[in-house]
Amino acid sequence: MASQPMPDLSPQVSDEVRKTTCYMCACRCGINVHMKAGKVAYIEGNRDHPVNKGVLCAKGSAGIMQHLSPARLRAPLKRVGPRGSGQFEEISWEEALQTATDWLAPLRATAPEKLAFFTGRDQSQSFTGWWAQAFGTPNWAAHGGFCSVNMAAAGIYTMGGAFWEFGQPDWDRTKLFLLFGVAEDHDSNPIKMGLGKLKARGARVIGVNPIRSGYNAVADDWVGITPGTDGLFILSLAHELLRAGKIDLGYLIRYTNAPYLVNAQDGPDKGLFLRGEDGKPLVRDRRTGQAVAWDSPEIAPDLANGVEIGGVTHLPVFRHLADRYLAPEYAPDAVAARCGIPAARIRAIAAEIARVAFEEEITINQPWTDFRGQKHDSMIGRPVAMHAMRGVSAHSNGFQTARALHMLQILIGSVETPGGFRFKPPYPKPPEAHPRPHAGHKPGQPLDGPHLGYPLGPEHLLIQDDNTPKRIDKAFSWEAPLSAHGLMHMVISNAHAGDPYPVDTLFLYMANMAWNSSMNTSAVMEMLTDQNPDGSYKIPRIIYSDAYSSEMVAFADLILPDTTYLERHDCISLLDRPICEAEALADSIRWPVVAPDRDVRPFQSVLLDLGARLGLPGMVREDGQPKFKDYADYITNHERRPGVGPLAGFRGEDGTGKGRGAPNPGQIEAYIQNGGFWLDHIPPEAQFFKPWNAAYQDWAVARGLYDSPQPYVFNLYVEPLRKFQLAAEGHGHRQPPDHLRERLIQTMNPLPIWYPTFTDAETDPAEYPLHALTQRPMAHYHSWGSQNAWLRQLHGHTPLYVSGDIWAQHGFSEGDWATLTSPHGRITLPVVRMDALNPQTVWTWNAIAKRRGAWALGEEAPEATRSSLLNHLIHELLPPKGDGLRWANSDPITGQAAWYDLRVRIEKAPAGQSVSYPAHPAQASPLPKAPRDLAHQVKG
Amino acid sequence: MRSPLGCWAGWIARWKGYKMHPAPSLILFTVLSGLGFGLLVWLGLGLRAPTGLGAIILFGLGYGLAGAGLIAAAFHLGHPERALLAFTQWRSSWLSREAVLALAALVVMAPHAASSAFAATPLPVLGWLGAVLALATILATAMIYAQIRAVPRWHHWSTPPVFLLAALAGGAALAAQITLALWLMVALGVAMLAHWLAGDRRFATAGSTAGTATGLGALGRVRLLEPPHSGRNYLLREMVHEVGRKHAQKLRLIALGAGAVLPALLLALSGGYLAVALALLAHLGGMLAQRWLFFAEAEHVVGLYYGKR
Amino acid sequence: MTSLPPPSARKLGLVIDLDTCVGCHACVISCKGWNTENYGAPLSDMDAYGASPEGTFLNRVHTFEVARDSAPPMVVHFPKSCLHCDNAPCVTVCPTGASYKRAEDGIVLVNESACIGCGLCAWACPYGAREMDSAAKVMKKCTLCVDRIYNDTLPEEDRTPACVRTCPAGARHFGDLGDPDSDVSQLVAARGGFDLMPEQGTAPVNKYLPPRGRDTLEIPDLASLCAPAPQAAPNAQPTGLLGWLDRALERL
Ligand SMILES: Nc1nc2c(c(=O)[nH]1)N[C@H]1C(S)=C(S)[C@@H](COP(=O)(O)OP(=O)(O)OC[C@H]3O[C@@H](n4cnc5c(=O)[nH]c(N)nc54)[C@H](O)[C@@H]3O)O[C@H]1N2
Ligand SMILES: Nc1nc2c(c(=O)[nH]1)N[C@H]1C(S)=C(S)[C@@H](COP(=O)(O)OP(=O)(O)OC[C@H]3O[C@@H](n4cnc5c(=O)[nH]c(N)nc54)[C@H](O)[C@@H]3O)O[C@H]1N2
Ligand code: SF4
Ligand code: SF4
Ligand code: SF4
Ligand code: SF4
Ligand code: SF4
Ligand SMILES: [Mo]
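Protein chains in written order, with this note's numbering: chain A, 214 to 1153; chain G, 9 to 317; chain V, 93 to 344.
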């Protein structure tokens, strides 16, 4: 036989590996960037990294194509054509920064609130918030309001932490995992790794989702729920568990406010906790029948019986809870039709939860001591874990649904126990340990405190005496009292309407607000271009920082072009959205593994430069010179509290400080040497029961997470919610406007409730019979992926997936197009049949559709011609109800955008349809034409 | 009615760009070289033994067609400059065998041709040997397709007869062997019919389904939900055609009618040069249609992964 | 070269777990990245930013729906690359010897410098595992990352295919399927691994693990699980609950 060719089996992969952090999405995996001849050649996962342990998703591996994207901006831009046209002129950085300074300095001196600074996908919120605070505007927030604030706020108020960045299932021990409304989530790789672990062990996964794709495709059991009804389903599970007595009473007594006594007398105290002299909530001691402080030693708190004091009855929270959820309205048979889940299946799932929680209990032989001083010789776990995201939270009943889910986990006693849901440091952190929101502004002064926080009652709302909101987005007003992340999706329409007041400059960063992150996209584009009679724009000035030629770029007056994630310093900080694991504290950096090859600058450094030019406190030295050279300098030397800065690792002169310590000039280098991250394990005795575990509390204080131990119990009953209800009932001096009273009473229930989404409640099901959803494709990050030559081949258009029934009913065949109509608009898309769908649901991919001319794509790109956004169908306000008011299409408690409340009807598009509707006129591209073909290889 | 060629060109234009189309170079190659080698078979066997100018014309035609076919085939190659390598793998590869055989046929036949043309002395031994090699070349061409199990329609005993009879019939007509050509045309018609009829059931009998392709067949009815990429790919372009049933029937009629029936009729009715020329033209058009269909109807099992079937 | 070598004892290949694959395409892109930079010509992309992008990929993930009579439809993500068949028809058809199956480990490769780009091997492969690169005009296919798995410039743990290393769900396994004791062989045995299109006679080395049963949650009798049920009737009254609570709290 002829000899066989001998390829080189050991080629040198690269000259050098630089370890940094991925930013193809917000998951923040560690990457090894392989360099050849000084160029990026290949990207793979970093095996040592706590987030991804070596794996990498499609986006991460395609980072090189993002770096080589033809859509990358090249220099600062000044608008020369009309807004929206995309006509720009490249200018120098000096001119750009001077322009921004000239616009902003007078605002700060006279009316700092006239700057609205909102940031999108960034991970430097603690930094941008600090900047905005120094500037003095109350109008700052990041994107959480249109994203998942329901999830976050419900988690914080209920148990001091939520899912995603703040917690995770105990993947290594869980035996039953329930996943609610997740297509992808922020923890992209960790969820996949976790599911892989469950699969390898043969643990059961239950997916609750109207659509069986992705994670739900691998779920052992699929619950194809009707959108917007999860709350009802969850409360029905609670009903079953209560009915069967399958709840963890010991856990409820020790770790929750289930025994707290609640005042039952009508009046200003109704529904508030009975408190002792010192303000401590009281519980009934079963032995003495007396009401005593909840944390008194050696008591046996009662869950069933109350006390009578001065003729007033006070019943324990648990009694209220049991009374409510044992009611027949929550029986599986009563909810089945509404949820689209057979009653038998609800019962089966409840039984399985009960079986695994109580019959497959797990024990870790690890002694620990609780905050009461009681010693436990082992850690007992209930190995049922749950995880949820926007399928639950992006509804107008999302806050209460998320609360219900947390309650369910707490009832079975699985939170922070082995096999259940675990917090990631710096969580758990109860609402009391978070700040309150602030909006006190004065010309030339910094704001009176941090912008965002967790109100504990109406007294913390950011409103004027006449109830006018103090913030442009109306966050923390009666319309959205607990809007802990702000309401970015309302900024443009409020600014356009001058309601509650006009702003001068809209400053946006890393958010495609003229396109996929706005509701009502076409109208938003009009608002951004709308002019006063004198020809000036309704929103006078728009500054925007993007790295790519996005749709939003076309609508700005001044563009500050950013670097890519491989070219700048970033800091993934514990002060912000941490990357910790349940068993470790961790943070990380990005650093310039390549220098930018064009006239772009890292936005954070630009912001520091701008801050120094504006003379903002903390950004200039006494001599008026800039305090920080650049963002790297800030990361190293800024201190939030003495000894606590953006990075927790390698602190102190000698670099050994963990969490606390003086700034270390070699800190960034130490991170680089360590692979771009820092990790510190939680001691074994502190790994579980964190809110109540003395060892954890002490460790957290040592690491600077708290300044003193903060043990607390979970809030099955959220008293602050009750305070808003009381106000709406007419008690207290801060009174809501009359039109909101009923809604506040109905929705701000201190125990989880379910109510139909506002859209469901008001839509005629005959006219709009279907729910329309979007899902995130695993291989794209919002709008970013389409400029990526590799990723856009995976998902280059947005077919509308419809069930076999709809397919047959409308006589669709392959290649047909459908028109979707909502009360607000119409879009046209190609249809694809998918049977593994809730029969009342249609869906498409999120954010693949593009405006012609954007992202340096060809004008006939399928992203523009065979794609559309559901955003065109979604209005930020609900249709008029005839009361003269337009209600926000948001959760009434947090203001979370209710993306998934959308109802539509479908029709077959006329034959010959070949281009999607709406088709907006092309925007001019400020960039050279993209190359046609690629065959990229870095030669070593 | 449009000429078969026009129709064929129209189809190509229609398919180009979004559906895969059979490579024109392959169609031309198989038809032309088949014709050329078919003619050479008869010339080698001495069924017609032209000399002088006649030999120059006829051998020239045989060599020309075979060569043109080979050149057309080279167009199909990504790297024609490496074509010599294609002579190396005759032990296993029918494509390599075809190359070797084609070259051998042309080389072995050359002295016979030259001697016929310039010395008026055919060299029968070399002629016969050349004829056998030419025949083997045609067979090798057919086997390139017939061996491909992934295309059940091709992977059948009826494939070689179609190629062989087409080449021999066309060759006989070119050599103006009226009777022989007539019967070969009839046989070709039968072979084509057999190939189609058998072919239409081949995919089913081969047993590959979306169920076997994915191994999920035991769980239920398997249907493609999403192709791997929304973008296009080589496989779809090259192998996953969808030819409309109605158009296929029309083209089969054209292939059968123009490729075999009409030539047979013409040859049966008149032995004149005009009839032969017309028969040849019809046959050529018919064979182009047949060959187009041969590729266009070649359902590759890979289509199962793309929901095409 | 084109003749197949005698069957090797070592049969390197992949085992793909259809129960676990979430369809994330990570393996697709890591393969694209690795093979664009390594083994032979880069994997090109035509019309990369235009109306009809078309690139070369050695691994693609399809998605199928499986309709069942008395259970909800299943969705199965289905990654597919070269299966390194023992009886590889793609090899024997190759006229130039560019395609070959390695005698020592069974990996099927294309020697690009000998490939004339005739495309026949792609036709011969029933699985669509070969793609002609439009720029380089040579045949491309999965190399089983032969330039990783033996690469002694890589740390030992990285000597595994790029797609396997990157798969977040752990749905891809690499190993010696010729060795019945290897992890991959054991996995195949334990989970009923199968061949794709066995009727094609290609004898693939790569194996697929079937999805586990779906929607099988039995309806256990919740009542039997709860020893001291507060109330058997669905309309439990708090009074019933109170009695139960008393007893249960007493036991704590
Ligand atoms: N219909 C529908 N709409 C939705 C959703 C939905 O589910 N359905 N989801 C909503 C949610 S949860 C969210 S979070 C939003 C997300 O929406 P956006 O926050 O608007 O996200 P992107 O589209 O990614 O836009 C981010 C912008 O940042 C730019 N960018 C990327 N990298 C960099 C960089 O390094 N520096 C700078 N300066 N800019 C950069 C991008 O070019 C892009 O223009 O969408 C919302 N919109
Ligand atoms: N690859 C990738 N990863 C991302 C992003 C991205 O763009 N791409 N974006 C990031 C961002 S900003 C966010 S906010 C997260 C979002 O992460 P996810 O929450 O996973 O994102 P969505 O795609 O919005 O998924 C919502 C899911 O909820 C389902 N759903 C909708 N309504 C209901 C309902 O009423 N009940 C139930 N049970 N399910 C429902 C939908 O079918 C869908 O599967 O992902 C982050 N990660
Ligand atoms: S999930 Fe993917 S894109 Fe996101 S950080 Fe990790 S590797 Fe990068
Ligand atoms: S899968 Fe296809 S390319 Fe790979 S060895 Fe088998 S036949 Fe050849
Ligand atoms: S394309 Fe290349 S590898 Fe494939 S058969 Fe032809 S020469 Fe061989
Ligand atoms: S083994 Fe290597 S070449 Fe083959 S699919 Fe995986 S990454 Fe691609
Ligand atoms: S990387 Fe793994 S989970 Fe993702 S598509 Fe590939 S095999 Fe499936
Ligand atoms: Mo989001």
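Some hints here could point you the wrong way.
[To be verified] Computed spacing ranges between beta-carbons, pair by pair:
no., chain 1, residue 1, chain 2, residue 2, range
1, V, Arg304, A, Ala1021, 39 to 47 angstroms
2, V, Ala143, A, Glu1027, 41 to 49 angstroms
3, G, Lys254, V, Glu310, 27 to 35 angstroms
4, V, Ala143, A, Arg287, 21 to 29 angstroms
5, A, Ala1021, V, Glu310, 56 to 64 angstroms
6, V, Arg304, A, Ala1135, 20 to 28 angstroms
7, A, Arg287, V, Arg160, 38 to 46 angstroms
8, V, Pro99, A, Ala1135, 30 to 38 angstroms
9, A, Ala1021, G, Lys254, 19 to 27 angstroms
10, A, Pro218, V, Asp244, 16 to 24 angstroms
11, G, Ala256, A, Ser223, 30 to 38 angstroms
12, V, Arg304, A, Glu866, 53 to 61 angstroms
13, G, Ala256, A, Ala1135, 53 to 61 angstroms
[Unchecked claim] Subject to a maximum C-alpha distance of 30 angstroms in a straight line, what follows is the list of computed BS3-like cross-link-like pairs (lysine-lysine):
no., chain 1, residue 1, chain 2, residue 2
14, G, Lys316, V, Lys229
15, A, Lys249, A, Lys840
16, A, Lys493, A, Lys483
17, A, Lys871, A, Lys291
18, A, Lys388, A, Lys266
19, A, Lys842, G, Lys254
20, G, Lys254, A, Lys291
21, A, Lys291, A, Lys840
22, A, Lys483, V, Lys229
23, A, Lys266, A, Lys291
24, A, Lys1152, A, Lys266
25, V, Lys229, A, Lys1142
26, A, Lys1142, A, Lys1121
27, V, Lys229, A, Lys588
28, A, Lys252, A, Lys842
29, A, Lys1152, V, Lys229
30, A, Lys388, A, Lys588
31, G, Lys254, G, Lys316
[Said to hold, decoys possible] Far from chain A, some chain V residues (derived; all Cβ distances over 12 angstroms):
no., residue
32, Glu129
33, Asn179
34, Cys255
35, Ser277
The hints are simulated quantities; they were obtained by calculation from the structure and are not laboratory data.
These figures come from a predicted structure and were not determined experimentally.
Where a beta carbon is used, it is the ideal one built from N, C-alpha and C, also for glycine.
Here's how the hints hold up against the structure:
In this structure, Arg304/V and Ala1021/A break the distance hint of 39 to 47 angstroms, their C-beta atoms being roughly 31 angstroms apart. Range check, Ala143/V to Glu1027/A: about 20 angstroms between beta-carbon atoms, so the 41 to 49 angstroms window is missed. Distance hint check: the CB atoms of Lys254/G and Glu310/V are about 52 angstroms apart, inconsistent with the given range 27 to 35 angstroms. Between Ala143/V and Arg287/A, the C-beta spacing of about 25 angstroms keeps the proposed range 21 to 29 angstroms intact.
For Ala1021/A paired with Glu310/V, a C-beta distance near 32 angstroms fails the hint of 56 to 64 angstroms. A hinted range of 20 to 28 angstroms for the beta carbons of Arg304/V and Ala1135/A is inconsistent with their spacing of about 49 angstroms. Between Arg287/A and Arg160/V the beta carbons are some 54 angstroms apart, a value that contradicts the proposed interval 38 to 46 angstroms. Judged by the Cβ atoms, the range 30 to 38 angstroms given for Pro99/V and Ala1135/A is violated: they are separated by roughly 59 angstroms.
A C-beta distance of roughly 25 angstroms is found between Ala1021/A and Lys254/G, which places it inside the suggested range of 19 to 27 angstroms. The supplied range of 16 to 24 angstroms is met by Pro218/A and Asp244/V, whose beta-carbon atoms lie about 19 angstroms from each other. Roughly 52 angstroms separates the CB atoms of Ala256/G and Ser223/A, a value that falls outside the hinted 30 to 38 angstroms. For the pair Arg304/V and Glu866/A, the supplied restraint of 53 to 61 angstroms holds, since their beta-carbon distance comes to about 56 angstroms.
Hint check: Ala256/G to Ala1135/A, Cβ distance near 41 angstroms, so the stated range 53 to 61 angstroms is violated. Between Lys316/G and Lys229/V the CA atoms are separated by roughly 26 angstroms; this keeps the pair inside 30 angstroms, and the hint holds. The hinted pair formed by Lys249/A and Lys840/A fails the criterion: a straight-line CA distance of about 37 angstroms is larger than 30 angstroms. A threshold of 30 angstroms between alpha carbons decides the hint, and for Lys493/A with Lys483/A the separation of about 17 angstroms falls inside it, so the pair holds.
Between Lys871/A and Lys291/A, the direct Cα distance comes to roughly 45 angstroms. Violation of the 30 angstroms bound is thereby established for this hinted pair. Only pairs whose Cα atoms come within 30 angstroms are accepted, and Lys388/A paired with Lys266/A is accepted, the gap being roughly 22 angstroms. With a C-alpha separation of about 74 angstroms, the suggested pair Lys842/A and Lys254/G falls outside the 30 angstroms cut-off, and the hint is violated. For the proposed pair Lys254/G and Lys291/A, the alpha carbon gap of about 59 angstroms is over 30 angstroms, so the pair is violated.
The suggested pairing of Lys291/A with Lys840/A holds, with an alpha-carbon distance near 28 angstroms, which does not exceed 30 angstroms. For a cut-off of 30 angstroms, the pair hint linking Lys483/A to Lys229/V is broken: about 79 angstroms separates their Cα positions. For the suggested pair Lys266/A and Lys291/A, the alpha carbons sit about 43 angstroms apart, so the restraint of at most 30 angstroms is broken. Distance hint between Lys1152/A and Lys266/A is fulfilled; the C-alpha atoms sit about 29 angstroms from each other, no more than 30 angstroms.
Pair hint Lys229/V plus Lys1142/A holds up; C-alpha atoms about 26 angstroms apart against a cutoff of 30 angstroms. For the proposed pair Lys1142/A and Lys1121/A, the alpha carbon gap of about 36 angstroms is over 30 angstroms, so the pair is violated. About 72 angstroms separates the Cα atoms of Lys229/V and Lys588/A, which puts this hinted pair outside 30 angstroms; it is violated. Of the supplied pair hints, the one linking Lys252/A and Lys842/A holds, its CA atoms being roughly 27 angstroms apart against a limit of 30 angstroms.
Straight-line distance between C-alpha atoms of Lys1152/A and Lys229/V comes to about 20 angstroms, which keeps the hinted pair within the 30 angstroms bound. Taken as a hint, the Lys388/A and Lys588/A pair is honoured in the structure, with Cα atoms around 27 angstroms apart against an allowance of 30 angstroms. Restraint check: the Cα-Cα separation between Lys254/G and Lys316/G comes to about 17 angstroms, which is no more than 30 angstroms; the hinted pair holds. Non-interface call for Glu129/V relative to chain A: violated, since the shortest CB-CB distance, roughly 5 angstroms, does not exceed 12 angstroms.
Interface exclusion of Asn179/V from chain A stands, the closest Cβ pair being 17 angstroms apart, more than 12 angstroms. Under the 12 angstroms C-beta cut-off, the non-interface status given to Cys255/V relative to chain A is violated; the minimum distance is some 10 angstroms. Taking the minimum C-beta to C-beta distance to chain A, about 17 angstroms, the non-interface status of Ser277/V holds against the 12 angstroms cut.
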